[in-house]
Amino acid sequence: MADPFLSIQHVKKSYGPNTVVQDFTLEAAPGEFVSFLGPSGCGKTTVLRMVAGFEEPTSGSIIVGGRDVTRLKPNQRNVGMVFQAYALFPNLTVAQNVAFGLKVAGMPKADADKRVAEMLNIIRLPIDQFGDRYPYQLSGGQQQRVALARALAPSPKLLLLDEPLSALDAKVRVSLREEIRSIQQKLGITTIFVTHDQEEALSISDRIAVMYGGKAEQVGTPFEIYNRPTTKFVANFVGTLNVLEGTVTDPSTGAVQVGPSSVLLKGKLNGSKAGDTLSLALRPEAISLGRQPGRDATLGGEISEVSFLGSVIRVRVGVGKDRVSLDTFNSPASPPPTVGDKAEISFSPEDVLVLH
Amino acid sequence: MRLPTQWLGVAPFFIFAVMFLILPTFYLMIGAFQNDAGEFTFENIAALSQPSIVAAYWISIKVSLASALIGALMGLAIAIAIVRGGLPNWIRSATLTFSGVASNFAGVPLAFAFIATLGRLGLATVILKTYFGFDLYANGFNILSFWGLTLTYVYFQIPLMVVIITPAIDGLKKEWGEAASTLGATQSQYWRMVVVPVIWPSFLGTVILLFANAFGAIATAYALTGSSLNIIPIVLYAQIRGDVLHNAHLGYAIAFGMIVITGLANVFYIWFRTRSERWLK
Amino acid sequence: MKSGRFWAWVTFAIGAGYFFIPLIATFEFSLRKTRGIYSFDAYRSVFGDPHFQESFTYSIVAALFTIVLGVLLVVPTAYWIRLRMPQLRPIVEFITLLPLVIPAIVIVFGYIRMYGSNSPLPFLATTSGTNVLLVIGYATLALPYMYRAVDTGLRTIDVRTLTEAAQILGAGWTTIIGRVILPNVLIAVLSGAFLTFAIVIGEFTMASLLNRPAFGPYLQNIGANRAYEPAALAIIAFVITWGCMSLIQLLSRYAPKSSNQPR
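Residue numbers (the numbering used here), protein chains in the order written: chain A, 1 to 356; chain B, 1 to 281; chain C, 1 to 263.
Just chain A, same shape as in the assembly (with noise of 0.2 Å):
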């Protein structure tokens, strides 16, 4: 990346014997929306917390737009933030929430009022219809959107999102996940948003920084995270995933036995020997059921279970001591297959993700 605009510089983080960030660094360019991926505890919400400037780093820097704000105090740094909570101040109106930013920086009112206005329409809450309500009389989903509004309103540089979906329920978090995007992409405002849930931040993002104790296991775009994991955490964390065991016969051809049957991974070895153990994993959607053409790597075993998800049907397959699972369209001329078939399932040698 050539000109960086958030720079995280091999950020540590320490209370006392626990170290809960250790050396992360990651650089946004402007206008890029970077997720924070990873289960609770992994670090990431400290690092958000620190480039906000709530923790000081025990070691490393934070440089926003070519400063160092390190050691700068939240209010110094010019940084918009939505809270998981919403954190709206309950005393204060809709309108008055959106303008706390503007009025502590001293903005005329006629100004202000017209920020105001400006920033209630892009998140579609006009002002004469709610700019007089109180935080306790909007939904959930409207509350988080003032946040954003207010978060927003005096123009800050870079804006930080604290898992801002999870208190809402499933329907609005994927119709405000979308506005947000939309609204990030509008204003072309550096933006970096911490979750735990991957579907939230593969649909969302430019790039994510899947996170694990304390580090960053790998960063790339959704596309990379999701089909080329380079670690195992990552592999198992984004996505589904089924892992079967296999043992290596014979590195030259790549040929390895899973269960009764042996399937050729050419160039997916990796300088594996005769008799090691791997774990080959595939995504459900790479995987089908019967012979496909283009998928001639092929496994035998018997069907586990059978769910009807309505235009999906999904398949259990026992293969060997493994089960995967896969997904098949439904169609009203076939019906769906039964329990205890014995079955085929083909997959491309290509889609095997290898996990040493």
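Worth flagging that the hints you see were computed from the coordinates, not collected in a lab. Any given hint could turn out to be false.
Unchecked claim - These stretches of chain A come out as covered by chain B in the derived footprint (C-beta under 8 Å, 3 or more residues):
id : stretch
1  : 13–20
2  : 77–84
3  : 98–107
Stated by the list, open to error - Here are the computed lysine to aspartate or glutamate pairs in the EDC-like style, where the Cα-Cα straight-line distance is at most 16 Å:
id : chain 1 : residue 1 : chain 2 : residue 2
4  : A       : K73       : B       : E43
5  : B       : K174      : A       : E55
6  : A       : K232      : A       : E245
7  : A       : K114      : A       : D128
8  : A       : K171      : A       : E199
9  : A       : K186      : A       : E32
For every residue, glycine included, the Cβ atom is placed at its ideal position computed from N, Cα and C.
Once you've looked at the hints, dock chains B and C against the given chain A.
For chains B and C alone, coordinates are given in the frame of chain A:
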């Protein structure tokens, strides 16, 4: 159509409340406007204007207001210190436990404790005189005075404030402060624009409660000062015991006046709350 | 943040000083009965005083009756309000708060005028009637505290669901109240009871105006006539209050934690 059996469940409570709380109060309030013959009159109310009674009301209001305000401010400071001050956790629980005890440590024993502390032979008085050369009494202090009584009342007012206001301080979300600071607000701007407005209703409500608490109290003052400091409950007490004012209905009028004062304080609070706190659910 | 913590310590220290100095001073004073040495003579004199024993016993008995009356009055009402008549809640809450607004001396003055020997309900005509009226007066004083304690207890257990669950399992009303509701609010009721005890045990105004030989008037009398015994009594009263509050705290550890509360 609600079956009358529904009401049987709450009937004992309402009968009790009417007989032993509401009717006795109304009885006095009506009596305040009657003469011995049972005719309507304003004479009793007018008689309240005699200087000794006005002075008694006034000193009561002053002591109650001063002890409520001092108690509320000190209590608020302590509550903020234990909730937000970064003190060890055991201090918080110890303070809350102690406040529960001290807020109920009132009446006659409290007067004894303050006589033993700040009376003429009290430990604090003696220590100040012996070791610091400061004679409290020579400098105008007297435990049997306005400030003596106020200082004593503060002993149960502060902990009462701590007990009531701590949950309100706990209700201040950490994220509000964080949101304010990312929006560029300084600590004092955050306090002025968010914390004070949010706490204000609970604070004012508690001040009113503390005021009523002190205004009706008699045991502490009576044990402390006998009848040398004539607060209004002591005047009423003397009137009930011995009809010292030689007019039974004047006693009713005094009681009526006391209810009016505590009642007005509460009406003011309710009015304030509905008027300025539309954000409260 | 560093200076914030400093001021927190300062505030705490001032508060602690204000609250502990009188206790220490009182204790010190109570030990000075015998000239020149520290002794527990004041306590010995207090405990040996038959009037102390009588008035203290009287107040304990009065407190126990007050607790029983308060529980009988508050528990069914609070339960019924939660279960069937939530629309009455504001009225009941308002009534239970009245004793905090109407001074005790006014309430008891009303009693004296309304229930005198010439009235239709002459409580004051007999000694036992006066005792009953004193207990009633104490119950009104304790009403705000008792109601709060019980209502909080009921809120954490979600009465409605528990009642419905018991009904579906075939329980009758006696079973529901006796075996489902009461055990679950027992802790809350006991908390209210100890608070009531702490309020009633040294109460002065009502007992004095109704001329009953209770502990409060006894304290006042000692205060007017003795030097060192009042300090000893203050310490004893503080210990009693402290004991009641500690029991409440201890009990709250065993209170049922809400598990089925959607809130």
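Quiz item: Are three or more residues of the stretch 98–107 of chain A within 8 Å, CB to CB, of chain B?
Solution: Result for this restraint: holds, n = 5.
Quiz item: Within 16 Å, alpha carbon to alpha carbon, are K114 of chain A and D128 of chain A?
Solution: Between K114 of chain A and D128 of chain A the Cα gap is close to 13 Å, so the pair holds against 16 Å.
Self-check item: Proposed proximity, E32 of chain A with K186 of chain A (alpha carbon, max 16 Å)
Solution: The hint holds at about 12 Å.
Exercise. For the pair we were handed, K73 of chain A and E43 of chain B, check the Cα-Cα distance against 16 Å.
Key: Judged against 16 Å, a Cα distance of about 68 Å means the pair is violated.
Exercise. Check whether three or more residues of the stretch 77–84 of chain A sit with their beta carbon closer than 8 Å to a beta carbon of chain B.
Key: Held - the stretch 77–84 of chain A has 6 residues with a Cβ nearer than 8 Å to chain B, which meets the minimum of three.
Quiz prompt | Verdict on chain B covering the stretch 13–20 of chain A, where coverage means 3 or more residues with a C-beta closer than 8 Å | solution = n = 0 at 8 Å, threshold three: violated.
Self-check item: Distance restraint between K171 of chain A and E199 of chain A, which requires alpha-carbon spacing of 16 Å or less
Solution: 14 Å, holds
Quiz item: Between K232 of chain A and E245 of chain A, is the straight-line Cα distance small enough, at 16 Å or below?
Solution: The given pair, whose Cα atoms are some 14 Å apart, holds under the 16 Å limit.
Quiz item: Holds or violated: are the alpha carbons of K174 of chain B and E55 of chain A at most 16 Å from each other?
Solution: The hint holds at about 14 Å.
In the structure shown, a violation is registered for the earlier hints numbered 1, 4, in ascending order.
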